[in-house]
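Novice: Can you build the whole structure from these sequences, using the hints too?
Take 186 as the starting number for the sequence shown in our numbering and just add one per residue.
None of these hints come from the bench; they were simulated from the model.
Be aware that a few hints might be false.
Stated by the list, open to error - With a straight-line cut-off of 20 angstroms between C-alpha atoms, the simulated SDA-like cross-links for lysine to any residue are: (1) Lys-219 <-> Asn-234; (2) Lys-263 <-> Asp-253; (3) Lys-267 <-> Lys-287; (4) Lys-287 <-> Ser-196; (5) Lys-219 <-> Asp-201; (6) Lys-267 <-> Lys-282.
What the hints assert, rightly or not - Pair ranges (Cβ atoms, derived): (7) Asn-199 <-> Ile-238: 26 to 32 angstroms; (8) Ser-244 <-> Ser-196: 32 to 38 angstroms; (9) Ser-196 <-> Arg-256: 30 to 36 angstroms; (10) Lys-282 <-> Gln-212: 31 to 37 angstroms; (11) Gln-258 <-> Asp-237: 27 to 33 angstroms; (12) Asn-261 <-> Ser-196: 16 to 22 angstroms; (13) Asp-279 <-> Ser-196: 27 to 33 angstroms; (14) Asp-201 <-> Phe-239: 23 to 29 angstroms; (15) Ser-228 <-> Phe-264: 24 to 30 angstroms; (16) Gln-221 <-> Ala-290: 28 to 34 angstroms; (17) Asp-200 <-> Arg-254: 39 to 45 angstroms; (18) Lys-263 <-> Phe-195: 35 to 41 angstroms; (19) Phe-195 <-> Ser-244: 31 to 37 angstroms; (20) Ser-246 <-> Asp-279: 30 to 36 angstroms.
Remember, predicted model here, so these are calculated numbers, not experimental data.
Glycine included, C-beta positions come from ideal geometry on N, C-alpha and C.
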Amino acid sequence: MDDTLTENVFSLKNDDFFGFIQALVGQQMVDILKFQSITSTQSLIRNPNIFDIFNMGCSESNFLMIKDRSRFQLDNGKFIVKIGLINNLYCLLDFLKQQQQKIMASSYVDANPSLSFDFINKHPLLQK
Numbered sequence: 186m187d188d189t190l191t192e193n194v195f196s197l198k199n200d201d202f203f204g205f206i207q208a209l210v211g212q213q214m215v216d217i218l219k220f221q222s223i224t225s226t227q228s229l230i231r232n233p234n235i236f237d238i239f240n241m242g243c244s245e246s247n248f249l250m251i252k253d254r255s256r257f258q259l260d261n262g263k264f265i266v267k268i269g270l271i272n273n274l275y276c277l278l279d280f281l282k283q284q285q286q287k288i289m290a291s292s293y294v295d296a297n298p299s300l301s302f303d304f305i306n307k308h309p310l311l312q313k
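Specialist: Here's what the structure looks like:
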């Protein structure tokens, strides 16, 4: 994946955000997010339960199409979200968490540039 894209993943919105999602996990996830007006990474992180909407009653044709493509009916009449979509969501959220941790780690090191030098000096076993 393009490093410049992953560096600014938390500032993506609307079409840029949807392009990123499509490249990472596919168009079906984009459709689910668009229907719910989840248009940014921050919005997704705040509401990771994007499949809960399938438990609600809604007769809008776009919703019904997305709902039908995203789940299947069991013999007992209950519906479940397709495992591939669930895995794609977990993959996406894990990726975002990793990127967030990288940003936090680099911000901490940038804010404390002498930290590693001081740490090594205080622990002689770490010196060459």
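Novice: Each hint: holds or not?
Specialist: Status of each hint after checking the structure:
no.: 1; hint: Lys-219 <-> Asn-234; result: holds, 14 angstroms
no.: 2; hint: Lys-263 <-> Asp-253; result: holds, 13 angstroms
no.: 3; hint: Lys-267 <-> Lys-287; result: violated, 31 angstroms
no.: 4; hint: Lys-287 <-> Ser-196; result: holds, 15 angstroms
no.: 5; hint: Lys-219 <-> Asp-201; result: holds, 13 angstroms
no.: 6; hint: Lys-267 <-> Lys-282; result: violated, 23 angstroms
no.: 7; hint: Asn-199 <-> Ile-238: 26 to 32 angstroms; result: violated, 20 angstroms
no.: 8; hint: Ser-244 <-> Ser-196: 32 to 38 angstroms; result: holds, 36 angstroms
no.: 9; hint: Ser-196 <-> Arg-256: 30 to 36 angstroms; result: holds, 32 angstroms
no.: 10; hint: Lys-282 <-> Gln-212: 31 to 37 angstroms; result: violated, 23 angstroms
no.: 11; hint: Gln-258 <-> Asp-237: 27 to 33 angstroms; result: violated, 18 angstroms
no.: 12; hint: Asn-261 <-> Ser-196: 16 to 22 angstroms; result: violated, 45 angstroms
no.: 13; hint: Asp-279 <-> Ser-196: 27 to 33 angstroms; result: violated, 20 angstroms
no.: 14; hint: Asp-201 <-> Phe-239: 23 to 29 angstroms; result: holds, 27 angstroms
no.: 15; hint: Ser-228 <-> Phe-264: 24 to 30 angstroms; result: holds, 25 angstroms
no.: 16; hint: Gln-221 <-> Ala-290: 28 to 34 angstroms; result: holds, 31 angstroms
no.: 17; hint: Asp-200 <-> Arg-254: 39 to 45 angstroms; result: violated, 22 angstroms
no.: 18; hint: Lys-263 <-> Phe-195: 35 to 41 angstroms; result: holds, 37 angstroms
no.: 19; hint: Phe-195 <-> Ser-244: 31 to 37 angstroms; result: holds, 35 angstroms
no.: 20; hint: Ser-246 <-> Asp-279: 30 to 36 angstroms; result: holds, 33 angstroms
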